[in-house]
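Protein sequences, first through last, are from chains A and B. So in our numbering, the last spot in the first sequence is 839, and the numbers never skip. So in our numbering, the last spot in the second sequence is 598, and the numbers never skip.
Since the hints were made in silico from the structure, they are not lab data. These numbers come from a predicted model, not from an experiment. C-beta atoms are modelled at their ideal positions from N, C-alpha and C, and glycine is treated no differently. Incorrect hints may have been included.
[Said to hold, decoys possible] Covered stretches of chain A (in silico footprint by chain B; criterion: 3 or more residues with CB under 8 Å from a CB of chain B, positions within the stretch not fixed):
(1) 299–306
(2) 447–459
(3) 481–492
(4) 512–518
(5) 521–529
(6) 690–703
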Amino acid sequence: MENDFEEQESDQIKTSTYSILKQISKYIEPHIGAFALGLLFYIVLAAIEVALPIVTGKIIDSLGVPDPQYIAIVNYSIIFAVIVALNGIFRYTGSMMIQKAAQEVVYDLREDVFKKIEGLSIGQISEMPIGKWVTRVTNDTNSVLSFFSNVLVSLIYNCLVLVIVIVAVLITNLQLGLILIAFLPFIFVISFAFARVSRKNYRQVRKNISSMNGFLSENLSAMNTIQIFNQQENKKIEFENVNLKLKRASYKAVNVYTVFRPLIYLLYFGAIFAVFAVGLKLVADDQMTIGGLYSFYLLTERFFNPVQAIANLFNQIQSALAGAERVLGILNKKTTIENDENPVDLGRAKGKIEFKNVWFAYNSEQWILQDVSFVIEPGETVAFVGETGAGKSTIIALMVRNYDIQKGQILIDDVDIRKISLDSLRKNIGQMLQDVFLFSGTIKSNISLDNAEIDDETIINSAQYVGADRFIEKLENKYDQEVLENGNNFSSGERQLISFARVVTYKPPIVVLDEATSNIDTETEVIIQNSLEKIKSIGTMVMVAHRLSTIKHASQIYVVDAGKIIEQGSHQTLLKKRGIYYNLYRIQSMKKKIENA
Amino acid sequence: MLFGKYVNKFYLKYWYHFLGGIVFLIIVDYAQLFIPQFIGNVVSIFSNTDRASDLAVFWTSDASNVNSYAYFLVSLATIGGVVFFGRIMWRVFINNLGVKIENDFRTMLFNHALELDVTYYNNQKTGALMSYFNNDLEAIKSAFTEGIIFLIDGIVLGTLAIIKLFQLNWQLALISVIPLVLMGICAGLIGKGISKRYKNQLNAFEKMSDFSQENFSGISVIKAFVREGHQMLVFAKHNKENKDTNMDYLKLSIALETVIDLLIYTVLIVIFLGGGYLVIYTPSFDIGALTEFAGYFDALIWPMIAIAYLINIVSQSYAALKKVNEFLDAPVTLKDVPENVSDKVHTITGDIIFKDFNFNYPDGKTNVLSDITLHIKAGENIGIVGKTGSGKSTLVKVLLKIYNIEDGKLFFDGKDINEWPAKVIRDNIGYVAQNAFLFSDLVENNISFGRPNTTREDIVSAADFACIDGAIRQFKDGYKTIVGEKGTTLSGGQRQRIAMARAVIKNPSILILDDSVSAVDSETEAIILNHIKEIRKDKTTFIVSSRISSIQNSNHIIVMDKGQIIGFGTHDELMENCPLYKILVEYQALEAEVL
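Just chain A, with the same shape it has in the complex (with noise of 0.2 Å):
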């Protein structure tokens, strides 16, 4: 995964805590009632950690009267075996409900920023990294998960714990349970110093290893220059560097433990230190009796292990809201693309397209379009030419409403493009990009997009039109043949071919193709531009061209340049006009020279 090695985000929470949980309840509502029957469970559970050590004591006070009966024992130990019959049952089912509806917490969360970002329109996705929007589905959702199935009830249980724990010592005995009671505020102080500085200390072991793999992800990519440059030696002492400090700092790290956990342990040693050393006496002025002191004994363990986890559990709080806060925010975006109230259903648009007066930026300052009008009628085949970042593909990202214009209409068959339901709108136009993405699946999945409504022979008719099945035909499982990560496996001729077939696969009364720069074999090229033509008859087909020989197709041709039409007409109109079209012609004319020398 891409962003296993980027820097951790920060933990840093600007929303307040309130306004989180209030819209995080949101998704807890519906399995309310298992979260609180869980957590009764748990509090049944709390008071059975206290009972075990009590019944305990009672079993060594039977024995130790003068005349001890073995049934006072069997009966206890019935107690006891009830007790644990009860712990294992509430603990195994508590545990469950908890996790279980956190799980459908997380599930729902997770459901509903997915599709949220599912709707957000291109423009507002490519502002942030693919790797971050995933982090928000995956990892994000799953901090609001330990928030809910491990940091809320575990808080919850030990603080109950604690306090369970308090009351048993009292009653016992008071003297002996304030003195135990006493070690409480160090314990306190001392495991939460330890969380703070352990936090502390962890961050800056991250932060060095995000420095780490900062170094390396450089240089491991750049091993040729540096070997190139003879710079190994240098290198080497560099990474040493690096390497030590992180070292320093793990130092750091690790030794706060090798003197916390060793002092926690002390303080707990003390703490039995003292009761024993102060509840024989008591034993002997016979104001406890000895399984008393015993059970005593066991309970200063359970009074001890809930403040060092409630320590820790501060420290996860916050990596969970932060999460949970980023989650939040992707929620609460807005749209910026979005249905009309009443959206119009073209059906199958007849494919008139027009463009009136649009103006377009995709930011206030600049503008992309100027002023940009044109009609295409339904069946013609247009191209629009020009130099990189004229604006010649945002006409077609707009057609689509990829982005909504500020000035001007477009209209499809005389709609206004804002008042058509976009998927009418999208499912009216076929797209071949520039860029063609595969996805990882075959050959198949890749030509239908995963529709199960359309079967294996109208993939095989669709690859035949566009001329894909000469190259399908020759792998090895065809249609099936495993398409990897990215289409990396297809040259960008096949790739393009697959994009044609994917298109043609719909017969959308609009086509519209941008066509790639790259350079494509002189085999492909001669099918691509044989399936171009029978595209084209297929409905109206707008074309964003570069090669000559994809221009010829057009009947109508529009120049564009900065953000401008400034010539428009067919082929030899131009060509007579010895204007700007005219020296692209004769520059794209002495390309395919030199292609072919």
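Here the structure of chain A is known, so what remains is to put chain B in place on it, guided by the hints.
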């Protein structure tokens, strides 16, 4: 504990860490088993029905009496102190051992990475390499930290506790140890099932993650074909799979925890029942013995769990070590000769001969270059042109000795390339690639990359040569500006010129500009070409370019097509006898006219 050819040396190097860690672990294990005994002793004194005489002894101030209060407190405190100290000490040894091994290992990995040649890196994803330095190393380290702790605790503490249990009462020991051993085996077996389910869960999570990744990357296609609904359905499937595998895993692991808990408590009940019986009916086994027994039993729980963990850790770290070994075993394929003293003073003059030279890339099938025969004299300025894929770039790359070349095909100063150490050749060549890589570092460090410790003047004059000095001075921090991936964004032309400065600062006998002024405007290019002509007039320079203007004034121009030289001569000669060259010139003239 982990063994293998790349890790065994750590036992020798850090023997004192191993020794210290193990000794203190054993001390702690040994010492803490005294506690149940002391407490048992007190309980037995106090629970004795006619305890008056015992108590009288107990409250004496004679600390040397084993059954006295003072003795009890002193010995409890002593054990506490020893355990406290021991726990600090083993952590000092073991925790720091982990850090050291990790650090050493990482250095070893990186040093090996520096040795591997281009051929290796071409077939590797950086992400995969990085995981050796992260996850795999982490797994290997844990074998030396947790691995040792769990091993010692499992064996030493486990054995000692079992011995003590049997010494107290072998029948009771038998009925309580057997279930515990069974529990260990059970935990081990179920643990396998759990780790399988955990792996399933990770897989499901990864699948969901990959699907999202691909979905967002291909969002334009999805929107174009109105497949959002379908994608959401597929995502829901992955999401559900993730949830279900998670629940599967949780079910089993919560069940295991519960069962272990139940088992331990059940054995405890057995101890109460059996122990209670013994207390009542056998005089030698009193209540103190019972609590002592319960204490040892409690101490035995951890070692059983530790051994189950240990098995897991060892198998994971062996898997990681296997992967890392493959990397460390990857051979350096480039054949090189060692440097000797005379080479260091020797500077290649820049006379280069290709003799019936053929070349294909290590993983390629067809020749990229064929039948190249050429003699380039020292000090010549050579231009190379041709279409994309004609092999013009390969022709200069083979000079860098990053690929293996057959003997007797390529010569520097009359000596076969295979007799020159790579270091010497590369020291004498300044190479500028089209997409040169700049490091996330200061501009000045990027320029002085091949010559660290050069003076500021040298850096500036190299920048001057590449016509980038002015631009650098306009950056916010001048030569101290950070560039590269994480720094200031540079234009393509600026990058190319900084890369050029980086090459010329070496004042190499051979300078190669591999299509590396393509993003520089033509006026600046003309100045740079002039610098080459004046400053490098006695040195060999190759200029690979798709622009005729860059090379038309060269001493000789090589025209490449389909891996062969189809023209060699001056501009005027080629205009006469090389049709492709002529068309390229015409094309450029047209471009100049219309654009």
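Margin query: At least three residues with a C-beta closer than 8 Å to a C-beta of chain B: is that true for the segment 481–492 of chain A?
Written below: holds (count 7)
Checklist line | Whether chain B covers the segment 299–306 of chain A (at least 3 residues having a Cβ closer than 8 Å to its Cβ atoms) | finding: This one holds; 4 residues, not fewer than the three required, reach chain B with a Cβ under 8 Å.
Check: Per the coverage rule (Cβ-Cβ under 8 Å, at least three residues), is the segment 447–459 of chain A covered by chain B?
Finding: That given contact holds, which follows from 6 residues of the segment 447–459 of chain A lying within Cβ reach (below 8 Å) of chain B.
Checklist line | Within 8 Å of chain B's CB atoms, at least three CB atoms from the segment 512–518 of chain A: coverage verdict | finding: n = 4 at 8 Å, threshold three: holds.
Note to self: If you count the residues of the segment 690–703 of chain A with a beta-carbon closer than 8 Å to a beta-carbon of chain B, do you get 3 or more?
What the structure shows: Holds, because 3 residues of the segment 690–703 of chain A bring their Cβ atoms closer than 8 Å to Cβ atoms of chain B.
Notebook entry, point to check: Do three or more residues from the segment 521–529 of chain A put their C-beta atoms closer than 8 Å to C-beta atoms of chain B?
Noted result: n = 3 at 8 Å, threshold three: holds.
The structure is consistent with each of the numbered hints, conforming to all of them.
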